[in-house]
Amino acid sequence: MSKFFSLSKVLMKDVVSVLDMKFGNKGGKFTGPILWGIVGLCMLPLIFVFYMLFQGVCAIFVPAGELAYITGFMFSIVCLVVLFFSIVSVPSVFYFSNDVETLLPLPLRPAQIIGAKFFVALTMEYGIALLIIAPMYAAYLSYLPVGSLTLNMLIGLLLLPVTPLAYSSIIVMVLMRLFRFGRNRDFYNLIIGLVALVFGAGIGIFSSQLNTITPEQAVELLEGNRGVLDNLRSIFPGTLFAGRAVANGEAGAQLINIAITAGVVALFLFLSKFLYFKSVIGISESSAPSRKMTKEEVLTGARSSGIFASYLQKELRLLFRNPTALMNCVLMVFLMPALMIGSMAFQLSNTDIDLSGLLLAIDYNNPRVVSFIMAGAAAAGIFISCMNLVTCTCISREGKNYIFMKYVPVSYRTQLNAKAASGLAVSVAGLVLFFAGLEIIFKAPLTVFLGALILSLPGGILMNYLGMLIDLAKPKLVWDNEQRAVKQNVNSVILIFGGMFLAAVIGVVGGIFLKTPLTAFVTLLIVTGALAFGSMQMVLTMGESYLEKLNV
Amino acid sequence: MLTLRNVSKTYGNSSVKAVDGLSLEIGGGQIVGFIGPNGAGKTTTIKMITGILNPDEGAIEIDGHDIVKNPLEAKKSFGYVPDSPDMFLRLKGMEYLNFMGDMYRVDVSVRKERIASLAETFEMTGSLNAKLQSYSHGMRQKIIIMGVLLNQPSVWILDEPMTGLDPRAAFTLKEMMRAHAKAGNTVFFSTHILEVAEKLCDRVAIINKGKIIFDGELDELKARHDQISLEEIFMEVTDGE
Ligand SMILES: Nc1ncnc2c1ncn2[C@@H]1O[C@H](COP(=O)(O)OP(=O)(O)OP(=O)(O)O)[C@@H](O)[C@H]1O
Ligand SMILES: [Mg+2]
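These protein sequences, in sequence, are chains X and E.
So for the first sequence, this note's numbering puts the first residue at 1; every next one is plus one.
So for the second sequence, this note's numbering puts the first residue at 1; every next one is plus one.
Isolated chain X, as found in the complex (with noise of 0.2 Å):
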């Protein structure tokens, strides 16, 4: 037992460092709270909004005495909620966390292993369940005469994740016993970043609709799909009696919640033995291609190209290659402008607006109305452009290598240009994409097009730049896990904000004063052009002793 504690304790180093982000290598102790603070701040509505949605269910059905139906219902959704998530959590913890290379040799028995990496992915699931859990619990205990946190609840709280996590671990090991190529970190990167952004609009869809549901129609869902909720208890058979347990204060009923639990555990233990370590050996970085390349295809295959733009080829292949650098630092850029426009036309089509009488009324005569989209343009190029997290991370992905730019006898200058081009390449392709797809629905005059996609670049410019100024000064160099050097970033967050507050300044400053479009045109040009030039001069000048001052 006590083998399995301190195994745990370590393994639960890589959690805490997740909450854990920090400014550069060292450091910045306060960041993380705030950060994760200001997360918090951003999902309070949501809570919100679900606790008065509960609030009204809770209404109708406490006092008519159905406590058990609310408190099994409330269970057994969290228990469908932690299945979702910890089937995209699992893998990592499970499959591709480094240190499953060190235990495997080690003299532990497999339960201790798998019976300790469940700990971990289990103290992950909790912060879920919790936010879930608490609002819904809240509605239900103004309900009650005399409400309070009870015993009951507590042991429900406790045992609630484990069985949904028994299930998604099994399946994931499944999975992974019957399909090699899932063995593989940069697939299962791509497919967990994709999965995140279903997810993520899902839940972005969900609480829209939220907001637009009644707690009547909330009691009527409710009241019609009582059959669809027993399929979810027999699925979850503890949070029935967990149920009754916290409404009912049966001690009886805990006890079953208590077996049936410790039953999953089991299970899961059992059956693990047999999945788990079949399917762990063999978890490979990528796969080679099973053809061998001959001399005739090594002869002609060497070519040669320029040093800036074999430098900026280099950039662009280990970008592309590295899914969580894909998926964090460029598809933002693609998908924010797509969101933007589909939650426009979604709003709009949801109103009795009449969308293209809208569309038709713009008037593009009007110089009022050209200036505002100038203005906007200009806002827009900064504001996709703080979404590219490219520049920004290309130092920080670099890692230990970072000495390579050092030894390599070519000009710093012509190195940060060719990162920088790397990330201006994918600025300029969102932005592109976005005002032609503006362009679609408005029509406007090609003239007006044109000058805004104009207006836009210098902002991308002036992005990239900054954001490569920012990695500079403060990189990320020291990670075991190149993820670290993405999602763990404050660069990322630091360029973000300031891009989003730029953004406004220039947008709202920009739509007051500028009353003509050639005005607004000329004056945006030469003070976004300005900026991105200065930035662009700030990291040519200082980038090199930045540079030049990294020992790590």
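Read the hints as simulated data drawn from the structure, not as lab findings.
Think about it this way: if two alpha-carbon atoms lie no more than 20 Å apart in a straight line, the pair counts; the simulated SDA-like pairs of lysine to any residue are:
#1 X:K273 with X:V100
#2 X:K292 with E:E95
#3 X:K549 with E:N54
#4 E:K69 with X:P409
#5 E:K69 with E:L24
#6 X:K295 with E:E123
#7 E:K76 with E:G28
#8 X:K292 with E:S117
#9 E:K112 with E:E95
#10 X:K406 with E:R105
#11 X:K400 with E:S84
#12 E:K76 with E:I26
#13 X:K549 with X:P409
#14 X:K487 with X:L335
#15 X:K292 with E:H137
#16 X:K406 with E:V68
#17 X:K273 with X:L175
#18 X:K400 with E:T163
#19 X:K549 with E:S14
#20 E:K69 with X:L547
#21 X:K400 with X:Y546
#22 E:K211 with E:E236
#23 X:K278 with X:L104
#24 X:K406 with E:H65
#25 X:K515 with X:F372
Chain X side only, calculated, beta carbon under 7 Å to chain E, not exhaustive:
#26 K292
#27 S310
#28 R321
#29 N401
#30 I403
#31 Y407
#32 V410
#33 N551
Looking from chain X toward chain E, a few residues come up when the C-beta cut is under 7 Å (computed):
#34 M293
#35 K314
#36 L318
Cβ atoms here follow ideal geometry from the backbone N, Cα and C, with glycine treated the same way.
We have chain X already, so just place chain E with the ligands on it with the hints.
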């Protein structure tokens, strides 16, 4: 030609110098082995020679170019094999070699022949279409060495180049180092394998705690210590602290 004059380096706010007043002068035609205990300062010295670290004191010249004052010219004159070959893992072998060829401006016609022959001697031809990620440790070491040799720089600086190489590849590399020195060039490498140093080097420099404690011909060293193997001498001179 490689010259270090009174070079020192202290990391961060550490109180000890990782490299302490080190001087070396290596002429053309020489293979010099750089040996010493773990943490003695070998990698630190090599990182200063290659421009990765700036020395706190002293000056370093490669083929007459000062690495701090004239970095680009100096960097063009040497090829460097770092102590860890885990770089550019998502590039394919061929892409990596082409990239290095571009960085060091190797002409295409020359490049073709060199890649083909290097790949053949290191038995890497079949693997050049795979990503470095899928290579074994020794294969990664080979491809990094190939990338350096592509350019045929006059000064070779190798940090533990033999680690992970199979006997055939190690043999090939040693032969190449010999041939390179024979052609009047400079080879400076660190190693923990004393047999290699003994058989290969004209000269060894032994470093301990950042200071050179012996620098000279192997024969001279043996004569002075009146012992048979470099191993025994190494034990003696780095002992008792
Ligand atoms: N990045 C660093 N930060 C702080 N100290 C360092 C750093 N790198 C090396 N050192 C210290 O400098 C000293 C010399 O290290 P160096 O890596 O040069 O040794 P080495 O001779 O190459 O050893 P090895 O044979 O193990 O490769 C050691 O005391 C080490 O602790
Ligand atoms: Mg070393």
